[in-house]
Amino acid sequence: MLRIIKISAVVTFAMISLTMIAQDRIVQRAVCEGNISKLDSLLKTTDINVKDRRGRTLAHYAIGCRQEKTLDFLIKRGIDVNVGDNQNHTPLFVTVQFRNDELFKKLLAANANINVGTSPLHRAVINGDLDFVKQLVNDITDVDVLNDSGNTPLAIAIRQGSTEIAEFLIAKGADKNKIKTYEFSGEFLGQDKPGLEPKIFAHNFVSTENSTHSSTFSPDGKEFYYTVESRVYHGGTIMVSKLKNKRWTTPEPADILGDYREIDPFITSDGSAMYFSSNRPVKEGDSIKGIDLWMVKRKGEKWGKPIHLGEDVNTEYADWFPTISKKGTLFFSTGPSRSSNIVYSEFKNGKYQKAIPLSDAVNTKHRDYDPLIAPDEGYVIFSSNRPEGKGNSDLYVSFKNANGSWTKAKNMGEKINTSGSEFAPGISPDGNYFFYTSRGNIYWVDSKIIQNLKLQY
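Taken in order, the sequence shown gives residues 1 to 457; the numbers are from our numbering.
Bear in mind the hints are in silico, worked out from the structure with no lab data behind them. Small disclaimer: the values here were computed from a predicted structure and weren't measured. Check each hint, because a few of them may be wrong.
Stated by the list, open to error - Pair ranges (Cβ atoms, derived):
#1 P375 / N245: 25 to 35 Å
#2 D220 / K176: 28 to 38 Å
#3 R53 / S269: 39 to 49 Å
Even for Gly, the Cβ is constructed at its ideal location relative to N, Cα and C.
With the hints as constraints, model all of the structure from the sequences given.
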C-alpha cells in the first residue's frame, strides 16, 4: 500500500512538473509573438522571472525575438533585468551580442548593471563594435574587468587588431600591464601533451574568446594553421603561427591573396598545397558568391595564387572542409545546409572528378559535415546533428572494411562529445594526436582514442 502511495505521489509530481514546463513554454511563446494581452493574463499565475532550462528569462526571449514593446511591458511589470542565464549572460549582454542598440538603451534606462554577469564590454570588443564600447564605458565601468580566460577588453582589442577600440580603452584608463603575454617553444606550440583526456590547445594563444577550429600543421610541424571566426575577421580567417628562432610567432592572418572569408585550411601530407573553403569570386570582378573549395600551392615560404577546384567539385551548395588522403582523394561536405553529406572526389587525368557521396553507413538524412579522412583512408571522422547525439552536433567515426565498404558510423562517446557542438576534426602530421573543436575552442587528445573505438566493432 505504501509503495502505491509513493508511486502515486511521484506520478502526481511528474504531472505537475510537466504542466509547469508547458505553462512556461506558453509564456515564452507569448513573449516571442509579442502577444502582450495573453502575456498579461499568463503572468497572473506565472512568476515574471521564470527561467527556461538554459536559464533564459522572459527578457532574454524579448530581446532574442526583437519584441521591443514586450520588453517595455516586462520592464514596467518589474522583471529583473540583471539576471544571467546558465552562461551568466544578462539581457544587456545579449543586446550587445545581437547588436540591438534600441533594446540596449532601454535596458540601461531600466538600470541594467554593466558590471553584472559576463562582461558585455568583452562582447562588444570581440564584435569590433566601437559604438557599443563607447556606450558601455562610463564612470562605474571596470575597463580592466577580466573574463573567464583572465583577459581584459584591451587585451582582446590588441590581439584582434581593433586599433580604434584599443586607443579608446587606453584613453579611458585601461592598463596595458594587465595584458597577459605568452612565449611558446618546442613542438605543438610547447603544449603539455594530452593522454586520453582531451585538453584545450594553446589556451589564450590559439583558443581564445573567438570561435576557433579547423587546425592543421605543416608536415615538419613548424607551421600551425587554423580558422578564427568573428565579425572582425570577415566571418572567418585562416590564421598561422610559425616556429621561428625557437619561438612560436603571434598568430596572424595567413598570406592568402585577397580579403574574403577563408576557413577550413588543410595542408597536404607532403606540404605542397593547402586546401580551404572561401566565398571569394571565381573570376576577378565577379560578385562574392557562396562557399567553394580552393587551394594554394607552396612557393618557398609563401603560398601562391588561390586556385578554384572547378565545377566538377564545387556545387550549387556551400562546399566545406576539404581533407586529402595520401593518395590524393579529396573528401568534403556539401548539400542543403540542414542535410549536407560527406562526399569524395578522386584526382584523375590532372583534375578532380565529380564528387560521389559516401554510403548510408556514413551519411544520413540529417546534417553530416566536416569530414577528416585518415591519411591511409582507414577511417573517416565527421560531425553530425543526428538526433541520438549528445549535443547540438557530435563527432562520429566510420572505419573502412577490407572490401572497401564503411562500418556503420559510431558516436565517438562522452570523452569527446558534450551537450554543445563538436566539429572540425584533424590529425597531427605524426598521427599521434587528434584535434577537434568543442564549444568554440580547439581541443586535442591522444589519437589512441580512435583505435580504441575501432576495437569496439
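Verification of the hints:
1. P375 / N245: 25 to 35 Å: 30 Å, holds
2. D220 / K176: 28 to 38 Å: 35 Å, holds
3. R53 / S269: 39 to 49 Å: 45 Å, holds
The structure is consistent with each of the numbered hints, conforming to all of them.
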